[in-house]
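There are 2 protein chains.
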Amino acid sequence: MSSPAVAFATQNHARFVGELKDLLRIPSISTLPEHKGDCRRAAEFLAAELKRIGMENVRLIDTSGHPLVYGDWLHAAAKPTALVYGHYDVQPADPLDEWISPPFEPTERSGNIYSRGAVDDKGQVWAQVKALESLLAANKGLPINVRVLFEGEEEVGGEGIAAYVASKPDNLKADFALVSDTELFAEGLPTLCVGLRGMIYTELEVRGAKTDLHSGMYGGAAPNPFVALAQIIAKLKDENGRIEIPGFYDDVIAPSPEELAAWKSLPFDEEHYRKTEVGSSKLVGESGFSVLERTWARPTLDVHGIPGGFTGAGAKTVIPARATAKISMRLVPNMTPAKAFALYKSYVEKIAPAGVEVDVRLIHSGDACLIPVNNPYVQAATRALHDVWGKDTVFIRSGGSIPIVGDFDRHLGLPSVMMGFGLPDDNIHAPNEKFKLQNFELGIRSLIRFMEEAGH
Amino acid sequence: MSSPAVAFATQNHARFVGELKDLLRIPSISTLPEHKGDCRRAAEFLAAELKRIGMENVRLIDTSGHPLVYGDWLHAAAKPTALVYGHYDVQPADPLDEWISPPFEPTERSGNIYSRGAVDDKGQVWAQVKALESLLAANKGLPINVRVLFEGEEEVGGEGIAAYVASKPDNLKADFALVSDTELFAEGLPTLCVGLRGMIYTELEVRGAKTDLHSGMYGGAAPNPFVALAQIIAKLKDENGRIEIPGFYDDVIAPSPEELAAWKSLPFDEEHYRKTEVGSSKLVGESGFSVLERTWARPTLDVHGIPGGFTGAGAKTVIPARATAKISMRLVPNMTPAKAFALYKSYVEKIAPAGVEVDVRLIHSGDACLIPVNNPYVQAATRALHDVWGKDTVFIRSGGSIPIVGDFDRHLGLPSVMMGFGLPDDNIHAPNEKFKLQNFELGIRSLIRFMEEAGH
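One line per chain: the protein sequences are X and L, in this order.
Counting in my numbering, the first sequence runs from 1 upward without gaps.
Counting in my numbering, the second sequence runs from 1001 upward without gaps.
Everything labelled a hint here was simulated from the structure, so no lab data went into it.
Predicted model, so just to flag it, every value in this text is computed and none were measured.
Some clues are possibly wrong.
Subject to a maximum C-alpha distance of 25 Å in a straight line, what follows is the list of computed SDA-like cross-link-like pairs (lysine to any residue) [as the list claims (entries may be wrong)]:
1. X:Lys235 <-> L:Glu1357
2. X:Lys235 <-> L:Ile1351
3. L:Lys1235 <-> X:Thr311
4. X:Lys282 <-> L:Glu1205
5. X:Lys36 <-> L:Thr1311
Short, incomplete list of chain L residues facing chain X, as computed with Cβ under 7 Å [unchecked claim]:
6. Thr1031
7. Thr1211
8. Gly1220
9. Val1227
10. Gly1305
11. Ile1306
12. Arg1330
13. Gly1355
For every residue, glycine included, the Cβ atom is placed at its ideal position computed from N, Cα and C.
Using the sequences plus the hints, can you model the full thing?
Printed below as a string of structure tokens:
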């Protein structure tokens, strides 16, 4: 079923893509202090567009970090209210030399648009804005009430929005949240995400000598923080992928038999996934669990980097005074970040080798979540998706974390409809991130139809 | 006993210090390509001074890396010939923020001169040059024949000088080498170093996925190269400091009972060393061996840094595609770098966890060495040192590596007199490297008197 709004979107697609490129050119890397101004620019860009298309009460809301963008349209009497969420910040672009085209010069190739943020999440935020524009332009109004809330700190823990949501402001009153920061399970397969892993992101610092020492003079007597860190990490996770922190798995609940059965029927080929997405010689992880279970329903631990020491070209014979590992753990529903961090911290302090001091710091955390599939907004979404994609929706989880979904639930009582249009090979958080332009177009159409269905 | 040359050195001390500062201002960091020009400048600075003081045939000798500096004075008929060796290159200065005064702005504080290279090795090279100047100025000649050979790649493996020495050129014919790149065992205690550890410096690269991956999406299924690296490193060295590479200790020979007895009589307090030099909560290493044995006569393994992955501020949730550890091992007399590297490489390849590929690369290596204490040049050195310092010389080893000493022996048949004037707390290879100015002065005097004694 088409609609005047869908027709408007189709006619204006080329313009929509051009505008998206302008947004992508702003390097709004939230974790790097030198890009603070760019984050604000991206927020202002979105606010200006919300105003232009006819949203009301548009404004930036300052936080302890990067600003939120708010706007609303509340004239659909007796209709439900959606809180439309996305984020305008992006991950760092390094390693830069692996990008085929520069990360902040959006480039079209083979039906995709390549850029940092193309799909995570600027492309999807822009699809939301363009769906709103199409509805407002075609109908002089929206089929439901809408509050828009975009943030600029999703990639760094979302502290600002979390504090704002926790304060339960009147202008966030709604019936459900619409979150577009997820992906299709496979090309052409309409997908709703109904579960997310939580996480804790930590820094584990190990200190040995009071200063860097010559490894010839002191090697054999002075503690080496890198060796100590390796010994600690090797005790955090065994070679079968099992986390060895005592009690870590105590609160894990397994997916229901129905959910597991549905996952088994998904078009997923582990060998294809290994070859095309991961590209390693072998997949790893806990035996006895499928890849989907391991990435959606089991906690994990990863090391992201170990800054410190000598990292230049060539050789430096130094025993560094300190080393710091960036270590995160993904959590599953029913685990809590606070408990996971406490177990981890006390275990690390216990196993630290003699001669070094350890300092375990929590950088940020987020709750896992599970959305009931029988709520009316999820049902409206499946009708809209069937209309646009011609297929039944599959319900999946994601291994990633969108902490705000947990906050919407806990503080505002909102279930989230997680409707996203990325693809598994879109290289999010990696070089050559992309968004398929057809999915950008069908995404806008799906969002339009969803709001129409939600307003019926 | 004084001499006209010693008197000249005493009168000119202030000038000598000023000139040393000029040399120290040149940031001749051999491992960093951007300092290639500075290395050449340091070489030219030395060559110009050798010419000025009256050395002959002075020239730079190009190598595959930074140039050698050569000069000679060969008019002491029927006297022995010394090959005087030192290096003008220095270690990188990072971490820069831990320096009290900038590393390349030599600064005097409390009787020391602080600068990268102050004692390792520019200060000691300058002491050699100033000893030669004093002898030439006071006597219009030298008491022995002298060939000077300075290199600029000691901190990066000394490939250029090694190739040159291996070619056995006529102009390196000599009777012994005089190497000033070591230290006094303690303040005021004349010391000759008669043993050095060898080393292999390696890079261990671990590769997992074909590209960086999002740790939410892929965590639990994709191999993590940092975790794999930690697991490998934890199997290289146990928590008691013992290297677990099979066969690694097979060729180790213990010091003689006499040597061990002499070491026991040295003024060495492990607790003082822990507190003042290392500054860690505890010393580490193999039980059953003293600290001097562990650092002089036992092999060790150290990790210097683990470049790759995310090392910026804040959080990036990435599973890096690759990680590389800079790992070195110190070797003791009778071990060979080639065998140690082969054992290490095959062990690492065997223990690498499933899902990752490893690449083990040898960056550079050097032989360990032991010098017999009964050779006449070592004996001449002890007489000179007694004269200047008023004490008997102690014979020590060093845990560090001076690969060229092994090359002088193997290719040119030269025993080395390792006479150096650093102190154990001079922070070599670390921030706030220093050289005690009094040791610079007594060092020049000792080198003058040594050449006089060697010519008797």
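Results of checking the hints against the structure:
With a C-alpha separation of about 21 Å, the suggested pair Lys235 of chain X and Glu1357 of chain L falls inside the 25 Å cut-off, and the hint holds. Note on Lys235 of chain X and Ile1351 of chain L: the hinted pairing holds, with a Cα-Cα distance of about 16 Å set against a maximum of 25 Å. The hinted pair formed by Lys1235 of chain L and Thr311 of chain X meets the criterion: a straight-line CA distance of about 22 Å does not exceed 25 Å. Using a Cα cut-off of 25 Å, the hinted pair Lys282 of chain X and Glu1205 of chain L holds, with the two alpha carbons roughly 17 Å apart.
For the hint linking Lys36 of chain X to Thr1311 of chain L, the alpha-carbon distance of about 19 Å falls within 25 Å, and the restraint holds. Annotation: interface hint on Thr1031 of chain L holds; nearest CB of chain X at approximately 4 Å, less than 7 Å. The beta carbon of Thr1211 of chain L comes within 5 Å of a beta carbon in chain X, closer than 7 Å, and the hint placing it at the interface holds. The beta carbon of Gly1220 of chain L comes within 4 Å of a beta carbon in chain X, closer than 7 Å, and the hint placing it at the interface holds.
Hint status for Val1227 of chain L: holds, given a least beta-carbon distance of 5 Å to chain X, under 7 Å. The interface hint given for Gly1305 of chain L holds, since its Cβ lies 3 Å from the closest Cβ of chain X, which is under the 7 Å cut-off. Because the smallest distance between the Cβ of Ile1306 of chain L and any Cβ of chain X comes to about 4 Å, under 7 Å, the interface hint for this residue holds. Annotation: interface hint on Arg1330 of chain L holds; nearest CB of chain X at approximately 5 Å, less than 7 Å.
The interface hint given for Gly1355 of chain L holds, since its Cβ lies 4 Å from the closest Cβ of chain X, which is under the 7 Å cut-off.
Hint check: no violations occur; every hint is consistent with the structure.
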